[in-house]
Amino acid sequence: MHELAITQGILEIAEREAAKHDSSRIKAIKLQVGEFTGVVKEALEFSFEVIKLGTLAEQASLEIEVVKLRQRCPACDEIFVAKDRFDFLCPVCSMPAEILSGRELRIEWIDLE
Amino acid sequence: MHRIAVDTNILEANERIAEENHEVFQKHGVFVVNLMSAPGAGKTSVLEETLRRLRGQYHLGVIEGDLMTTLDADRIQALGVPAFQITTGTVCHLDARMVHNALHGFKVDDLQLLFIENVGNLVCPAEFNLGEDLKVMVYSTVEGAEKPKKYPLMFHEAEAVLLNKTDLLPYSGVALEELQRNVHEVSPEATIFPMSCRTGEGIDEWIAWLIGRMNQRSADVANNSASVTEGGGIRAHLEG
Numbered sequence: 001m002h003e004l005a006i007t008q009g010i011l012e013i014a015e016r017e018a019a020k021h022d023s024s025r026i027k028a029i030k031l032q033v034g035e036f037t038g039v040v041k042e043a044l045e046f047s048f049e050v051i052k053l054g055t056l057a058e059q060a061s062l063e064i065e066v067v068k069l070r071q072r073c074p075a076c077d078e079i080f081v082a083k084d085r086f087d088f089l090c091p092v093c094s095m096p097a098e099i100l101s102g103r104e105l106r107i108e109w110i111d112l113e
Numbered sequence: 001m002h003r004i005a006v007d008t009n010i011l012e013a014n015e016r017i018a019e020e021n022h023e024v025f026q027k028h029g030v031f032v033v034n035l036m037s038a039p040g041a042g043k044t045s046v047l048e049e050t051l052r053r054l055r056g057q058y059h060l061g062v063i064e065g066d067l068m069t070t071l072d073a074d075r076i077q078a079l080g081v082p083a084f085q086i087t088t089g090t091v092c093h094l095d096a097r098m099v100h101n102a103l104h105g106f107k108v109d110d111l112q113l114l115f116i117e118n119v120g121n122l123v124c125p126a127e128f129n130l131g132e133d134l135k136v137m138v139y140s141t142v143e144g145a146e147k148p149k150k151y152p153l154m155f156h157e158a159e160a161v162l163l164n165k166t167d168l169l170p171y172s173g174v175a176l177e178e179l180q181r182n183v184h185e186v187s188p189e190a191t192i193f194p195m196s197c198r199t200g201e202g203i204d205e206w207i208a209w210l211i212g213r214m215n216q217r218s219a220d221v222a223n224n225s226a227s228v229t230e231g232g233g234i235r236a237h238l239e240g
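Protein chains in written order, with our numbering: chain A, 1 to 113; chain B, 1 to 240.
No lab work stands behind these hints: they were computed from the structure. Hints may be right or wrong, so weigh each one.
What the hints assert, rightly or not - Here are the simulated lysine to aspartate or glutamate pairs, EDC-like style, with alpha carbons at most 16 Å apart:
hint	chain 1	residue 1	chain 2	residue 2
1	A	27	A	98
2	B	147	B	185
3	B	149	A	113
4	A	83	B	185
5	A	41	A	104
6	A	30	A	15
7	B	150	A	35
8	A	27	A	63
9	A	68	A	35
10	B	107	B	23
11	A	27	A	42
12	A	20	B	7
13	B	150	A	87
14	A	27	A	111
15	B	147	B	157
16	A	30	B	185
17	B	27	B	109
18	A	41	A	63
19	B	147	B	178
20	A	30	A	63
21	A	68	A	98
22	B	149	A	35
23	B	147	A	87
Stated by the list, open to error - Covered by chain B, per the in silico footprint, the following chain A stretches (three or more residues, Cβ under 8 Å):
hint	segment
24	4-18
25	33-39
26	87-95
27	105-113
These figures come from a predicted structure and were not determined experimentally. For every residue, glycine included, the Cβ atom is placed at its ideal position computed from N, Cα and C.
Start from the sequences and build out the full structure, keeping to the hints where you can.
Written as structure tokens, this is what we have:
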């Protein structure tokens, strides 16, 4: 349950941005959360509801975009997407693949009043 | 209402402190290993065996992370190796700030090799860099063969997977090859060491690999500083 720590990070960054733009209210926060992170969307939403109370983001909604795990094989250039489970070997030539996306833990934008 | 593009890593604060930790470690020439696993996989036992074999050759230290108690630090200190216990209370992982704070009370200046034993947990520690040189994972043969598939992130992050408790394989109903294959699928670049702290199997191989990585790092640092000096020399020449 490290989502609480992660939500704290989200709030710190959002409040810093709000202060930078002289805003006293954060209306929405948009996140990109890679599929291949140790973060559970529902736990993140739950933590956010708890932690936002009494902050500039008290009224804010959280929009979470889950980014698919995409990989590329450096040997044969095959690009593939994980299906029901994560496998890091190329389905064509069985070589170790590199991650193109799916490790994101980013704030993309925030809406300020 | 207006929209502000932020485009910032949520873990940036942790990343920044991890980098600072790394700089401190590098400055003092300390090689740092972040040891992770599920509870009960045998991290402390692996550490004990590793420290026993290395204590005559290197200046060693250990930072222990647990929710409660100093039991693990006590076990390490019993070997004559300095240990510092971080008790996280309810936090399920170590983060860079906890390690940073530990460095105020635990001198690493004279160390050559520092192990950080993370909180036993297969999920959360994988997301938090501590400033280490190497992530190593302990996976015991009695945890079930599917763990790498269920918890792929930590396996994927680890450069070495110590497949511990091979002495229990006859009772676990799992073939060593299946465990190795499952680790390889989610972490193709990781080096796997079948190991038993009871019989001593695999420990010398793991230590030889670890020393190899330390030496490689020392050589890289020496090369870097040589090329910096060289670059400075060229600049001085051009400016002259």
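Violations among the numbered hints: Of the numbered hints, 1, 3, 11, 16 do not hold.
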